[in-house]
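Chains as they are written, first to last, in the numbering used here: chain A, 1152 to 1388; chain B, 5 to 241.
Hints are computed from structural coordinates only; laboratory data are not their basis.
Positions of the beta carbon are idealized from the N, C-alpha and C atoms, including for glycine.
Accuracy of the hints is not assured; some may be wrong.
Across the chosen pairs, the derived CB separations fall in these ranges [as the list claims (entries may be wrong)]: (1) B:I127 - A:R1281: 49 to 55 Å; (2) B:L159 - A:P1274: 51 to 57 Å; (3) B:A180 - A:R1281: 27 to 33 Å; (4) A:L1276 - B:G156: 52 to 58 Å; (5) A:S1282 - B:L40: 39 to 45 Å.
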Amino acid sequence: MENQVLLRVEAIDKQYGGEPVLTDIAFDIEAGEIVGIIGPNGAGKTTLLEVLAGILAAETSDVQWRGRPLPPSRRREAIFYLPDGVRPYQDQPVTRVLSFFAGAYRRSLDEITAAVKVVGLKPVLHKRVRSLSKGYGRRLLLALGLLTPQPVLLMDEPFDGFDLRQVRDILQVLRHEAAKGRTLVLAIHQLPDAERVCDRFILLADGRVRGVGTLGHLRARTGNPNGNLEDIFLALT
Amino acid sequence: MRSHETFRLEGAPLAPLLAKELEEILAGRALWTMLLLMCPLIGYSFFQAVSLYGEASAAGLQSPAMTSSLSPLDGVLVPTFGASYVAVTLLFPFVAIRALGQEKESGALLLLIQLPYRSSTLITAKLVAVLAAWVLSIIPAVSALAVWRMLGGHLSAPETLNLLFGHLLYGLLIGAIALFAASVSESAATAAIVTLAFTIGSWVLDFTVAGHPGVFEWVARLSLTQVLRTFEQGFVG
C-alpha cells in the first residue's frame, strides 16, 4: 500500500448557532486506504464528511490535497460524497439514474455494466427508485459512487440497511475498489463492520478527534493489546 | 490502477443534464394535472369569447362605427389567453417548484451539486425545463387560435406573437419566482405558499389600487398583471 498522503486536514471547526459541532479536527488520509470515521450518533461524522466534501460551510476548513490548499469550491475535483438516506430521482427507473451520472462523467457502457454487476443491481434495473428496498437503494448509491472519477470517495453509513450476507458482499466491493487505488473514507457507527473493512480509524466523539491510527496503534495507545474497536473507542472517549 | 490526480471539471456534456431535468418535470403529476384543468378552462373561455365576438360583430353590421372598434385581439385572443394566465398564476408554481423541490426533499441535490456542472449551468437547465413545461401548457391556447383560423377568423401575426411573447415572459417570471421560493424554503409546500403569496398578492394589488392616483398608481405598477397587460394592448411597451 502506498504511504503517500493525499488529503491532509489541518483544521476543521464548525458551529451551529454558536454551539461547536466540530472542534479542531485534524488527520491525514493516505492513498489507497480505507479509513473509518467512527463515532456514535451525534458525534459529528456526517457534518465532518459534508464539510470535507465542500458542501457545508465551516468556520475553519483547512484542507490540503497532495500538499496544496484545496478550497471548498474545488473539493469536488478530488472528493465525491455519498450521503446517507438519499433516494435520488424516485420517479425514474434505476437505469435512467445510472445513465445520468454516467453521462455527466462520460462513462462508457462497459463501465456502467461493471458497476451494476459489482453491486448486484441487475434484478432491479427497470424498477423505479421509489420502489426499491432500503438495501437496493443503498446499492444504487454505491453504484453511482463507483461511476464517479474522484480519487477519494466519502460514504456515510455504507452498511446501513444490509443484512449480514449483504454486508459481506459490500465489504468485498469496497475492498476491490480500494485495491484498484481508490481511497475510501467511511463514516460508520457499527464498530464490528468498521473493524472488518477499515485500514485506519479516526475516532470521533462530541465533535473532537479522540484517536487516529490502525487498530494495532490504537491498541498500543490504550494498553489493550487484544481489545476490539469497541473497547478501544470506549477507552479513548 | 486508479489515478490519484484530481478530476478536471471541464466540458461536462449538457445533454444528460437537460434530459434529466426534462424527464423530472414531465414525470410530475403537477404538470399533467395543470394541463387537465387548463384544457376545459381555455376551451370554455374560447367558446365564450367567440360567441360574444360573434354577437358584437352581428350588431356591428348595423353600426359601421362599432365595427371599426372590433378587434380579434381584444375579443378572442386576450380572453382565451386570459384563461391560460389564470392557470399559470395558480397552478404553474407547483410545476416549477418540482424542478428543484423534489431534489431538495429527496437529498438528490447533495449529489447534483457535486457533479461537474457550474451552478449557473444547473440553474439554466432547470429554467429550460420550466420553459419546456410552459410550452406544453400553452398548447391548449394555441390550439384555440388554430380553431379560430379554421372558423375563418383573422389573426394578425405581429399582434399574436406579441401576446404570446408577453405570456412567455409572464410564465418564465412565475417559474423563476417558484424556483427561488423552492431554493429558500425547506419544503415544496412552503415554496408553493411563498410563490402563491407573490402571485395572488399581485392580483390583490391589481384589484385594489389600480386606477388610483399618486403613490397607489406607482404601487399598482408593481403588479405582475400590469406586466402582461402591456402585451395585451397590441404593442410592445
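Against the structure, the hints:
no. : hint                         : result
1   : B:I127 - A:R1281: 49 to 55 Å : violated, 26 Å
2   : B:L159 - A:P1274: 51 to 57 Å : holds, 56 Å
3   : B:A180 - A:R1281: 27 to 33 Å : holds, 29 Å
4   : A:L1276 - B:G156: 52 to 58 Å : holds, 54 Å
5   : A:S1282 - B:L40: 39 to 45 Å  : violated, 25 Å
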